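Protein chains: 2
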Amino acid sequence: MAAPSIDADRLWNRLMRLAEIGATPKGGVDRQALSEGETEAWRLVIDWAHKAGLVAQTDPAANLFLVWEGRDRTLPPLMAGSHLDSQPTGGKFDGAFGVMAALEAVITLAAAGLRPERDIIVVAWMNEEGSRFAPGMMGSEAFAGVRPIETIHAVKDAKGISTGAEIDRQLAAFPNLARRPLGFPLFAYIEPHIEQHTLLEQAEMTIGIVTGIQGKKTYEVKIEGTKGHAGTLSMRDRRDAVVAFAEVMSRLQAQIGRHDHIKFTVGQLLVEPNAPSIVPERVRFRIDLRHPDNAVLDRCGEFVERICIAAAKPCNANVTPLVSAASNDFDAGLQELIARSAGQRGFPAMPVLSYAGHDARQMAPLCPSAMIFIPCRDGVSHDESEWAEPQHVAAGAQVLCDVLAVLCREVLP
Amino acid sequence: MAAPSIDADRLWNRLMRLAEIGATPKGGVDRQALSEGETEAWRLVIDWAHKAGLVAQTDPAANLFLVWEGRDRTLPPLMAGSHLDSQPTGGKFDGAFGVMAALEAVITLAAAGLRPERDIIVVAWMNEEGSRFAPGMMGSEAFAGVRPIETIHAVKDAKGISTGAEIDRQLAAFPNLARRPLGFPLFAYIEPHIEQHTLLEQAEMTIGIVTGIQGKKTYEVKIEGTKGHAGTLSMRDRRDAVVAFAEVMSRLQAQIGRHDHIKFTVGQLLVEPNAPSIVPERVRFRIDLRHPDNAVLDRCGEFVERICIAAAKPCNANVTPLVSAASNDFDAGLQELIARSAGQRGFPAMPVLSYAGHDARQMAPLCPSAMIFIPCRDGVSHDESEWAEPQHVAAGAQVLCDVLAVLCREVLP
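The listed protein sequences derive, respectively, from chains V and G.
The first sequence begins at 1 in the working numbering and counts up one residue at a time.
The second sequence begins at 1 in the working numbering and counts up one residue at a time.
No lab work stands behind these hints, which were simulated from the structure alone.
Please read these numbers as outputs of a predicted model, since none were measured by experiment.
One should not assume that every hint holds.
A pair counts as met if it fits within one copy or between any two copies, since identical chains are not told apart.
[Unchecked claim] When the alpha-carbon atoms are kept at most 30 Å apart in a straight line, the in silico DSS-like pairs for lysine-lysine are as follows:
no., residue 1, residue 2
1, K313, K222
2, K26, K159
3, K159, K51
4, K51, K313
5, K222, K156
6, K159, K222
7, K159, K313
8, K156, K26
9, K227, K26
10, K313, K156
11, K222, K51
12, K26, K313
Generate coordinates for the entire structure from the input sequences, incorporating the hints supplied.
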């Protein structure tokens, strides 16, 4: 038998209702991690889940789990979802689409009178965006054990409020939620998300079968020179930090920036003392490096550190790695299930790489994982104008529903 | 006969008294152009001048003239001095030393019962520093006719107060001062100043016979690219403003920065939007270029403009010249008089180039001009720790007194 059809209107209306929480005047959403807005979003989503017979739970990282209980509660659950937090000037779809698509899929399956073999959990990970508490992906990294919860608790926002204090506040607002331990075995993980790129839109595709997420490394580099008078200090005696930066940047661009599969960006740069007639003493900048192949990314990373130190001379360069997220491939079997559903439903689909990071990156080493992308207008995301077409939202949720139906061994053979 | 000796103690004590006006807690001076502090400094200096029989005058640019009247008032006057304004965290000597040395020299000559052939004018130029109203050298440029007084009047400080309004306030505070027209013929101009460099100190010299001032050009460059997502925008589609800046900077450094007679500095640089994961859209930076030879400086300037535009591609570069001050040589005859006085007085002296700009730059095309440098500790200036030794202050004033004595044709044959 075919999987049941999701209710496209219910999904769209709930997505729009959710977007009212933290709505900005320009049509976007400001619902940052562990804010009052996120608390309100939890209430709303938990209420919808309860009405469908799901059980809400949480964990020490304030991840939200909405559990559709299976017949054998001892089996590792099947999980789908994304996150409910947004950028400060974010949109209605980034994160929220994944959570609501998963909830819609589960509600659809439950309403069809089915009961899954194992638990199916709709998840909303804590602080994916990292705009209030940096860096992001906190909930999924805590779940996967790649970042200690103590480290996460200690992170403070711009006002000096700690993640730990806000997790306590969030959990205290929901005293009746059972607490799961951090991390538990999973059967599979699937995350629907808007693409945040133009590949699907340009190819006029509805469904992106995500093959993997490119790896990312970031560095903070500090070049230290010596300050001096622009009119008097002789050129040969200078240790000019901007000259050193230009040499470093030119060498990196020549060696790394010419290869289109590598993404190499220096987006942030600060000069001190930054006065027109003073030979600059210090340049601090950030390097953002991405590549789908971990071996290439690692080699690039080593190269970056070496070049920064060598090319900055006679200045001293100090390179601090900040983020090192390996690339990952998603599960081939799950990609096949996604492709099969899209084919059966008549949704144009193609494989795409995710150039942005997602919580699914943390799940991929733990269990078979996948992502389902839908197009977003002009590839614009992290912006109040972010937009996804209602038919694409429905298609993404339907494909997820179909795949969950197969995986929970109830609907399709 | 030998020229009379200046009163070293009187000069030092008056310099220290002057430094009380605008004194900062760290021992420096904050007496910016056309401030209440400068008004107070005028009162003090005019009072000293009046007691010595000099006549105070001003002009539409609020330059202060202290006139020792000569026998033939129709002859172009001999002028010496510097400026009374300071940097916000300036020192006791930059500018003030030149004015007070000139006043001491004239008072010494007058007290010796002499009367000069022509007027000798002690000058305090308006706004040399340019820290409150930018750029500086306003009084001497208005006098020399290189910047229209209307342009100067329109310049506003950070609070929105115009130079014109503050000139009116300053002149209204001294209603009895006769107004000279802007600019008048000069017989010669001599400016004593601290060196603001280490050449004299390192060579253990007391007097610097300044051969000229190196030329200076400054530019504002704006590189315009296109903003994008660091993880998704393909390298070949990027118009990355930081990449373009690095290319421009490397080419300029390779072509210009290797020559030690040229001073090439990019001390100020701003990136937009300056976020770690956004391909940068815009870089604005300042170029400071100096050389003693105008032909070389002009060629360098043309080269800079060409390279900025060519090397920034595919970004667009826009180059705006801000300052173009030609280098100048000081009068050989006056240098000889300075050297002769130093030799007779036993002050170790050597020729030096001025790497910083001074009001004397504007006088050099108008009349035979010269500068007398004295050492300052560690070359530090524009800083509250700026310091000159009392014996060097006295030596500089004595040499000026000797030279004025020769030029006014009263003392030496």
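Comparing the hints with the structure gives:
no. : hint          : result
1   : K313 <-> K222 : both (13 Å within a copy, 27 Å between copies)
2   : K26 <-> K159  : within (25 Å within a copy, 34 Å between copies)
3   : K159 <-> K51  : neither (37 Å within a copy, 61 Å between copies)
4   : K51 <-> K313  : neither (65 Å within a copy, 59 Å between copies)
5   : K222 <-> K156 : within (23 Å within a copy, 36 Å between copies)
6   : K159 <-> K222 : within (26 Å within a copy, 35 Å between copies)
7   : K159 <-> K313 : neither (38 Å within a copy, 42 Å between copies)
8   : K156 <-> K26  : within (28 Å within a copy, 37 Å between copies)
9   : K227 <-> K26  : between (45 Å within a copy, 21 Å between copies)
10  : K313 <-> K156 : neither (36 Å within a copy, 41 Å between copies)
11  : K222 <-> K51  : neither (54 Å within a copy, 58 Å between copies)
12  : K26 <-> K313  : neither (48 Å within a copy, 35 Å between copies)
When each numbered hint is compared with the structure, violations occur for hints 3, 4, 7, 10, 11, 12.
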